[in-house]
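Top to bottom, those sequences are chains F and D. Numbering of the first sequence is given in the numbering used here, commencing with residue 1 and proceeding in unit increments. Numbering of the second sequence is given in the numbering used here, commencing with residue 1 and proceeding in unit increments.
To be clear, the hints were calculated from the coordinates, so they are not data collected in a lab. Keep in mind that a hint or two might mislead.
Any copy, or any two copies together, can satisfy a pair, since identical chains are not distinguished.
To be verified - Once the Cα atoms are required to be at most 25 Å apart in a straight line, the calculated PhoX-like pairs of lysine-lysine come out as:
#1 Lys232 to Lys157
#2 Lys246 to Lys129
#3 Lys233 to Lys157
#4 Lys78 to Lys91
#5 Lys207 to Lys129
#6 Lys221 to Lys207
#7 Lys46 to Lys246
2 protein chains.
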Amino acid sequence: MSNQNIYDNQDFFNGYHSLRSSKDNNYNDLLEQPAMADMLPDLTGKKVLDLGCGYGHNCLDFIRNGADRVVGLDISEKMLEVARNESNDVKIEYINMSMTEISSITERFDFVYSSLAFHYIEDFSKLIKDSYRLLNSGGYLLYSQEHPIITATIDDKGHFNQDETGNCVSYTFSNYNQAGRREIHWYVDGVIKYHRPMGELLTTIAKAGFILEEVCEPTPKDWAVRKLPSIKKEFLKPCFLIVKAKRQ
Amino acid sequence: MSNQNIYDNQDFFNGYHSLRSSKDNNYNDLLEQPAMADMLPDLTGKKVLDLGCGYGHNCLDFIRNGADRVVGLDISEKMLEVARNESNDVKIEYINMSMTEISSITERFDFVYSSLAFHYIEDFSKLIKDSYRLLNSGGYLLYSQEHPIITATIDDKGHFNQDETGNCVSYTFSNYNQAGRREIHWYVDGVIKYHRPMGELLTTIAKAGFILEEVCEPTPKDWAVRKLPSIKKEFLKPCFLIVKAKRQ
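Kindly generate the complete structure, drawing on both the sequences and the hints.
This is how it looks when you write it as structure tokens:
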């Protein structure tokens, strides 16, 4: 299912909400979000589209960074309820829509952003082509996803290995070069992701006409390691993939 | 050491020669070379530079594919002796030079090619900038290297894991996000490679001014699996990385 809406499942929503509320020990806030912030283009006076905006925290940041207008799009009405309360601004419009349907949007943007949502979408090529078409010339796409090393293993049993003292020393995965649907347990059973190897992802973006400017596999900074020492293990294997690409 | 010349070590040379001579069971001929061939640009009337040309087999292929002139460059005189015998053509010039020194070349090319050599070079950024400068506008870089998943593990103990029947089921690695020198055993002790994560590699290429057109993590085709059934395990993890990029 390409437009699954796990975020409107109450069990999932509760688990996710509790994760994202614990600012000191979640990888989004310690690793992915700081890296994404470092890669933001200049937003002064720009029009931004946030695909899978969730609570809208990034939408608010874009306004603080000078954006003129932000459209935050999410498939989950539950997430948008939080966004309209927590991340309200006259320059932000929240729209309840699946990012599989963005070809219906006629407005054009200078920046398309998406944090940790693209791996839920079955047709990546369409998503990238749609994003390209929604951008003005010279505009940027910046998106993050779970790293293909993480989404690869079909039985959801990719795992760290520990030495006798309990330190993580290596990571075991499989099925990397077998793209396709992955069903995992994340708060609830049956969460569907789509695994695509790095080469397939990047070639799809390039063939859509984008110029790839930066490919980032973020590592935790010192302050993040101080907050959560165990995050050091992310030096052993990549956790997220972030891509910045420019529309020609 | 950035310009190591393991290929002039007689023990290494013997081992390597025996590997490359066994056409039916080496990954170069079954996996990397067919994928590289699929990604070749049109060479009709073009000038080609082959960095780390080894036996010169590719140089000869480029001429057969219509190239006007090929310069094959290799750090190993032993390899070039074979090349001058096995892969001789009036349109090919073989030069004994480390690819760390190509900034001294004044000629310009339409195509820079390199098969499985860039991971021996310490200063990747300089190599990419030099390659860019050696290309005419619109020219292509096509290169392959061991996949970062393979070069990652510092103790050289990245490995497949087997189930009770001896089938490979997963792969274990480490140190992916710790770029740097790796010392491995490959026919001889002390072969030096340089591990760079995918993000670092691709961003370096993009920042040099190249347009990334294709990123390939090749999988074995049916004919290759028929020749060497065990190569199926390459669907579990990537083995090679191939990048095609265009000079603007």
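For each hint, the structure was consulted:
1. For the homomeric pair Lys232 and Lys157, the shortest alpha-carbon distances inside one copy (21 Å) and between copies (20 Å) are both at most 25 Å.
2. Proximity of Lys246 to Lys129 under the C-alpha cut-off of 25 Å is found in both arrangements, the shortest distances being 13 Å within a copy and 21 Å between copies.
3. Taking the closest pair of Cα atoms, Lys233 and Lys157 come within 25 Å of each other both inside a single copy (17 Å) and across two copies (17 Å).
4. Taking identical chains as interchangeable, the C-alpha atoms of Lys78 and Lys91 lie at most 25 Å apart only when both belong to the same chain, with a minimum of 21 Å there against 68 Å between chains.
5. Both within a single protomer and between protomers do Lys207 and Lys129 lie at most 25 Å apart by alpha-carbon distance, with minima of 9 Å and 24 Å respectively.
6. Only between protomers do Lys221 and Lys207 lie at most 25 Å apart by alpha-carbon distance; the minimum there is 23 Å, versus 33 Å within a single protomer.
7. When the C-alpha separation of Lys46 and Lys246 is checked against a cutoff of 25 Å, the pair qualifies only within one copy, where the shortest distance is 15 Å, while the shortest distance between copies is 30 Å.
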